[in-house]
Amino acid sequence: MTTDFDKAGEILERARQAAIDYYRLTGKPLGITGEIGEYLTARLLGLQLVDAREPGYDAIDDGGRKIQIKARSIPDAKRRVGQRLGSIRLDHPWDCVMLILMNETFEPQAIYEADRSSLEQELTRPGSRARNERGALAVGAFIAIGHEVWRKDEHSP
Numbered sequence: 001m002t003t004d005f006d007k008a009g010e011i012l013e014r015a016r017q018a019a020i021d022y023y024r025l026t027g028k029p030l031g032i033t034g035e036i037g038e039y040l041t042a043r044l045l046g047l048q049l050v051d052a053r054e055p056g057y058d059a060i061d062d063g064g065r066k067i068q069i070k071a072r073s074i075p076d077a078k079r080r081v082g083q084r085l086g087s088i089r090l091d092h093p094w095d096c097v098m099l100i101l102m103n104e105t106f107e108p109q110a111i112y113e114a115d116r117s118s119l120e121q122e123l124t125r126p127g128s129r130a131r132n133e134r135g136a137l138a139v140g141a142f143i144a145i146g147h148e149v150w151r152k153d154e155h156s157p
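In this note's numbering, the protein residues as written are 1 to 157.
Hints may be right or wrong, so weigh each one.
Computed cross-link-like contacts, DSBU-like style, restricted to lysine-lysine with a CA-CA straight-line distance of at most 35 Å [what the hints assert, rightly or not]:
| hint | residue 1 | residue 2 |
| --- | --- | --- |
| 1 | Lys152 | Lys66 |
| 2 | Lys152 | Lys28 |
| 3 | Lys7 | Lys28 |
| 4 | Lys7 | Lys152 |
| 5 | Lys7 | Lys66 |
| 6 | Lys66 | Lys28 |
Worth flagging that the hints you see were computed from the coordinates, not collected in a lab.
Model the full assembly from the supplied sequences, consistent with the hints where possible.
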């Protein structure tokens, strides 16, 4: 299935605005960060999104790499401390993980990439139950392992 980026973008823009309004009203997130992050990462980096619920990965690139996409909306870059990624499962097929960081209005700020071998090494390193059992990695640790592949300041008009 090929995603119509224009149509998806229109729908996600409405959802994004609803999420912003909901957060301002209740102080709680609406829970669409992952979907917005996948769409933005694919659009910004020219990736092809795969069918929903594909075990292990969300997109493929021109070289056929299977890419898992993680997304975080962080209002202030200084508040990354304590933020964790969702589970990175080593028992599923994927070649790399990309992390898109967005501000409180879901505008992309940066995208980082880490390869499978580096992540496997970090996730299996002794010392953290969250990391070892649940595949939960801190945002800062991911950034330290990976490398930046996109930054807003460098790609803004």
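Hints, one by one, checked against the model:
no.	hint	verdict
1	Lys152 / Lys66	holds (24 Å)
2	Lys152 / Lys28	holds (26 Å)
3	Lys7 / Lys28	holds (27 Å)
4	Lys7 / Lys152	holds (23 Å)
5	Lys7 / Lys66	holds (24 Å)
6	Lys66 / Lys28	holds (32 Å)
In summary, the structure agrees with every hint in the numbered list given earlier.
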